[in-house]
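I would like the entire structure built from these sequences, with the hints used as guidance.
Here is how the chains run, residue by residue.
There are 2 protein chains.
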Amino acid sequence: MSSFTPTERTQVKRLPKRGAYDRETVFKILDEGFVCHVGFVVDGQPYVIPTNYGRSGDTLYLHGSAASRMLRTLSEGIPVCVTVTLVDGLVLARSAFHHSVNYRSVVALGTARLVDDPREKREALRLFTEHIMKGRWDDIRQPSEQEMKATTVLALPLEEVSAKVRSGGPIDDEEDYALGMWAGVLPLSVTPAAPVPDLRLPAGTEVPGYMKSYKR
Amino acid sequence: MSSFTPTERTQVKRLPKRGAYDRETVFKILDEGFVCHVGFVVDGQPYVIPTNYGRSGDTLYLHGSAASRMLRTLSEGIPVCVTVTLVDGLVLARSAFHHSVNYRSVVALGTARLVDDPREKREALRLFTEHIMKGRWDDIRQPSEQEMKATTVLALPLEEVSAKVRSGGPIDDEEDYALGMWAGVLPLSVTPAAPVPDLRLPAGTEVPGYMKSYKR
Numbered sequence: 469m470s471s472f473t474p475t476e477r478t479q480v481k482r483l484p485k486r487g488a489y490d491r492e493t494v495f496k497i498l499d500e501g502f503v504c505h506v507g508f509v510v511d512g513q514p515y516v517i518p519t520n521y522g523r524s525g526d527t528l529y530l531h532g533s534a535a536s537r538m539l540r541t542l543s544e545g546i547p548v549c550v551t552v553t554l555v556d557g558l559v560l561a562r563s564a565f566h567h568s569v570n571y572r573s574v575v576a577l578g579t580a581r582l583v584d585d586p587r588e589k590r591e592a593l594r595l596f597t598e599h600i601m602k603g604r605w606d607d608i609r610q611p612s613e614q615e616m617k618a619t620t621v622l623a624l625p626l627e628e629v630s631a632k633v634r635s636g637g638p639i640d641d642e643e644d645y646a647l648g649m650w651a652g653v654l655p656l657s658v659t660p661a662a663p664v665p666d667l668r669l670p671a672g673t674e675v676p677g678y679m680k681s682y683k684r
Numbered sequence: 469m470s471s472f473t474p475t476e477r478t479q480v481k482r483l484p485k486r487g488a489y490d491r492e493t494v495f496k497i498l499d500e501g502f503v504c505h506v507g508f509v510v511d512g513q514p515y516v517i518p519t520n521y522g523r524s525g526d527t528l529y530l531h532g533s534a535a536s537r538m539l540r541t542l543s544e545g546i547p548v549c550v551t552v553t554l555v556d557g558l559v560l561a562r563s564a565f566h567h568s569v570n571y572r573s574v575v576a577l578g579t580a581r582l583v584d585d586p587r588e589k590r591e592a593l594r595l596f597t598e599h600i601m602k603g604r605w606d607d608i609r610q611p612s613e614q615e616m617k618a619t620t621v622l623a624l625p626l627e628e629v630s631a632k633v634r635s636g637g638p639i640d641d642e643e644d645y646a647l648g649m650w651a652g653v654l655p656l657s658v659t660p661a662a663p664v665p666d667l668r669l670p671a672g673t674e675v676p677g678y679m680k681s682y683k684r
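Line by line, the protein sequences are chains U and V.
All the letters of the first sequence, read from the start, carry residue numbers 469 to 684 under this note's numbering.
All the letters of the second sequence, read from the start, carry residue numbers 469 to 684 under this note's numbering.
No wet-lab data here; the hints were simulated from the structure.
Hints may contain errors.
Where chains are identical, the list cannot tell them apart; a pair therefore holds if satisfied intra-copy or between any two copies.
As the list claims (entries may be wrong) - Straight-line C-alpha distance at most 25 angstroms; calculated BS3-like pairs for lysine-lysine:
1. Lys-683 - Lys-496
2. Lys-481 - Lys-617
3. Lys-485 - Lys-617
4. Lys-617 - Lys-589
5. Lys-602 - Lys-589
6. Lys-680 - Lys-485
7. Lys-683 - Lys-617
8. Lys-485 - Lys-602
9. Lys-680 - Lys-617
And the structure:
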């Protein structure tokens, strides 16, 4: 897959080796994550709000209540920043200074547009559900006309995008390797526990296969 | 513990029942998380960057390389938003519309100040390390004068702060409860795997006790 072109605003300047601009790296991070942090500005004050998202090709979809302040603000076409971060582990070095975190993140800058077309909107709603739990959409009651109206969907074209990745063990100062403390990585991952059935679920309702094999 | 006073900017307007302003809720979220998303504005464009943090009382500390664009920008005293989000589970409802995520988040607005005082700066560096891994600081080589100089520390007073919490099972439309599909919550948590020792660690170096009991 081709790469995004780094701009003055997306080029990773600190530790440029950690920067990546190819679609493969960017899409893998976006598809593994499911919570993004959306940054926007109101009266000079930045706000950063967590929310879910979906992706189709070079388009990232956001959604929320039509009454949401964030969605209404963004649909006016103001600059937005969407960031997705995956944490892979704690990097425990021999010095405080070289402690770090292994992570993969994507930063996308741009302007979101309101999705008006009912077909694109419905498809985006399918993407949100499938992004959270692949296989779920075909199992559930799909959006009514009224629910469609109550939902605002925004599309952010993925154009000005960069990824940043830190992986591997600690990089210590040469003289610190002689010190005796433990050093290395504590891997972290997001893992599911046993599903908790809804209180009103009839006894014996089987957990669907797509949940049993759930993995991020 | 007392509460933060909600302002026009921090009051949770959508689903106000999910809003919380008491220090106990806010601090618990901040202390369980360890990656925040920092929002700031340059030339009208918001940026959202993931980074680590520490907390002492009503002060949240950020740090980074003195060469970091984000740190330099923030130290000029511009408005900032720091958001910490913990994901607790996927809420699988009977309709697409009522799918949700269980989460706890904190949003803090304000202006960060540069930490100049060497004692406060060193204490903040201790907080960062201890925040990632409690017990680690006493084990490792502590910052040299040169490392102190190469690090910028910022302090954000926690004044304009709110938390937002969604928990529990799906809330479906009454008529949807008769549908037969599985519904409930898939709990998610951040869990550690077996520690990966650094390649240059002498064989037999024991994993410290504070790592064995690591839990977020």
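Hint-by-hint comparison with the structure:
1. Lys-683 - Lys-496: Close inside one copy (14 angstroms), not across copies (27 angstroms); limit 25 angstroms.
2. Lys-481 - Lys-617: The answer is between: 20 angstroms across copies meets 25 angstroms, while 43 angstroms in one copy does not.
3. Lys-485 - Lys-617: Result: close only across copies, 23 angstroms inter versus 45 angstroms intra.
4. Lys-617 - Lys-589: For Lys-617 and Lys-589, the Cα distance is within 25 angstroms only inside one copy (10 angstroms; across copies 52 angstroms).
5. Lys-602 - Lys-589: Cα proximity of Lys-602 and Lys-589: one copy only (19 angstroms, versus 46 angstroms across).
6. Lys-680 - Lys-485: neither (38 angstroms within a copy, 32 angstroms between copies)
7. Lys-683 - Lys-617: Neither, since 32 angstroms and 43 angstroms both go past 25 angstroms.
8. Lys-485 - Lys-602: neither (33 angstroms within a copy, 30 angstroms between copies)
9. Lys-680 - Lys-617: Neither: 33 angstroms inside a chain and 51 angstroms across chains, both beyond 25 angstroms.
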